[in-house]
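Undergrad: Sequences and hints are given; from them, build the entire structure.
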Amino acid sequence: MSNLAVLSLKNRALIALITIVAAVFGGLALTNLKQELIPSLELPNLMVMTTYPGASPEVVENDVSTPIESAIQGVPGLEGTTATSTTNASIVQATFAYGTNLATAEQKIQQAINRISGQLPEDVSPQVLTVSIDDFPVIQVAVTGFEDAENAQAELQNVAIPELEDVDGVNAAEIIGGVGQRITITPDVAKLAAVGQSTQAITTALQQNGTLFPGGDITENGQTLTVQTGAKITSVDELAALPLVGTSETIGDVATVVQETDPVSSISRVDGKDALSISITKLPAANTVEVSQGVIAALDTLEEAFPDAKFTIIFDQAPFIQQSIETLATEGLLGLVFAVIVILVFLMSIRSTLVTAISIPTSVLITFIGLQAFGYSLNILTLGALTIAIGRVVDDSIVVIENIKRHYVGDADKGDAIRLAVREVAMAVTSSTITTVAVFLPIVFVGDMVGELFRPFAMTVSIAMVASLLVSLTIVPVLAYWFLRPGKPLLDENGVQIDPEDPDAPPTRLQKAYRPILGWTLKHSGLTVILAVVVLGATLAAAPLMKINFLSDSGQNTMTVTQDLGPTASL
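Reading the sequence shown from the start, the letters are residues 85 to 655 in the numbering used here.
No lab work stands behind these hints: they were computed from the structure.
All figures in this text were calculated on a predicted structure; none of them were measured in a lab.
Think of the CB as a built atom: it goes at the ideal place given N, C-alpha and C, for glycine as much as any other residue.
Keep in mind that the hints are not guaranteed to be accurate.
[Claimed, not checked] Distance condition first, Cα-Cα at most 30 Å in a straight line; then the derived DSS-like pairs of lysine-lysine:
1) Lys572 to Lys94
2) Lys498 to Lys572
3) Lys607 to Lys596
4) Lys316 to Lys275
5) Lys94 to Lys498
6) Lys572 to Lys596
7) Lys394 to Lys357
[What the hints assert, rightly or not] Here are the in silico distance ranges between beta carbons for each label pair:
8) Leu112 to Pro391: 41 to 47 Å
9) Gln194 to Leu418: 49 to 55 Å
10) Gly650 to Ile200: 32 to 38 Å
TA: As structure tokens, this is what we get:
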């Protein structure tokens, strides 16, 4: 590794250019990194959702959930399934081993369901859905102040939703708490019997009307036009006027046809006032903070389009992400400042301190390049890793610059002194750095959700460590060649220059303070070992007292309350 220093000193201009390029591209990578709360997770789960109107949980379980759960047992990579059967709906969740290609698994599940489609009730169409952390809303907006909820919902659906979905990075915007419309047909059994029909006649009339069919094409005057048969039903009156097959009667003659609102299944309120909520999700590759900022900018335009409505942000991931990143960045900068101060105190040289301090931002900027290359985001785990690494990346440079400072004294040749100094410590700093990398890098190979979360953490620390090693063996020697001045040689009582490592050399202030402690521990080696064992035992004993959870309290100003009202409670 010492050959790197030799090559660097021979190509000082190239090293300077590489340093500038690394700083520029590191800054660009920093500005382009996605900002997230935690690393993006793709859970190895698929859900099969099925709607079965009018069925009780027992019927849903027997007719839908059990057949689907049995059919997908042979899908490769499946680890287990759970089924939830409720009134009108079935949810079957399939859990796969981490590393399973979910796109392929989704196709296999769909094929398995298609094979048993004949066993499922009519008009039942199971849907296979993926589960990802990106499916959770980035921002939720409540709309209040409207007088007519139905018209307000229609206007929001036609104006606000398209405007929000046009924001860069937005996947979908959906209205929650809205009221839908439906057409209810209530047959009159007596009238049906009078014309010799049953309710099946109404069903047949509905099935045979309101659908468009291709009717071929017609070529005339050099133009070919497509032909379609049938017509779409656009109103309640058209529906009521549909004829019953085999009679001169219409649906309206034997049944009551009315348009009404759907039963209310959810309520949305803000500060006790009725509201419509808009939930916005982002694309997996989008930046959460940028999506939030884009949505907020779009809300300013929507407030002008809806002067009587009030748009209130009730949930937003961006401020907490920004606060977390700013806090960690501040802590990292404080760590940098204190590290520089400590270096200055021990080296007692402003030039040496500046040379060493340059290695910290250089290593960090190179790390940002690595994060972008691996597709990682800027989140609390990668920033936490950088904060930890800041205290470690400077170690290699300190060792190198201190040894250079010790050799480059008096009239010593600058180049020879730097090469000798780097050669002496190159193996030590390399082995130390590789040891640290060997501690963190295995986390990259951990599977399951823990691996997905902490893989970016381990890679960040590893990249920072390798970067610090390269900086200390290439950039630091060049900077030392340019900026360091020869120090004063260490002289004995007779004014003769002596080697600082000579046993007869006068001790430094640090050595004077440390030697008594070292002497005591060497004289009382048994007691020293016992104290070390006691500290180790106390640490192990205190470990069970620590709280254990997946992610600690995030500090967000949002609280969610879930209440169990029993299986038969109405809205």
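Undergrad: Mind checking the alpha carbons of Lys498 and Lys572 for me, to see if they're no more than 30 Å apart?
TA: holds (14 Å)
Undergrad: Between Leu112 and Pro391, does the C-beta distance stay in 41 to 47 Å?
TA: With a Cβ separation near 42 Å, Leu112 and Pro391 satisfy 41 to 47 Å, so the hint holds.
Undergrad: Under the criterion that the straight-line Cα-Cα distance not exceed 30 Å, is the pair Lys607, Lys596 satisfied?
TA: Within the cut-off at roughly 17 Å; holds.
Undergrad: Hint check: Lys572 vs Lys596, CA-CA at most 30 Å. Holds or violated?
TA: Distance ~20 Å between Lys572 and Lys596 Cα, so the pair holds.
Undergrad: Starting from the hint 32 to 38 Å, judge whether the C-beta atoms of Gly650 and Ile200 obey it.
TA: holds (33 Å)
Undergrad: Hinted pair, alpha-carbon criterion (30 Å max): Lys394, Lys357. Please report holds or violated.
TA: Cα-Cα ~11 Å, so holds.
Undergrad: Would the pair Lys316 and Lys275 pass a check requiring their Cα atoms to be no farther apart than 30 Å?
TA: With a Cα-Cα distance of about 27 Å, the restraint between Lys316 and Lys275 holds, given a limit of 30 Å.
Undergrad: Below or equal to 30 Å on CA atoms is what counts here, so check Lys94 against Lys498.
TA: holds (13 Å)
Undergrad: Just tell me: holds or violated, for the beta carbon distance of Gln194 and Leu418 against 49 to 55 Å?
TA: Distance hint for Gln194, Leu418 holds at roughly 53 Å.
Undergrad: Within a Cα-Cα threshold of 30 Å, do Lys572 and Lys94 meet the stated pairing?
TA: Roughly 26 Å separates the two Cα atoms, so the pair holds.
In this structure, none of the earlier numbered hints is contradicted; all agree with it.
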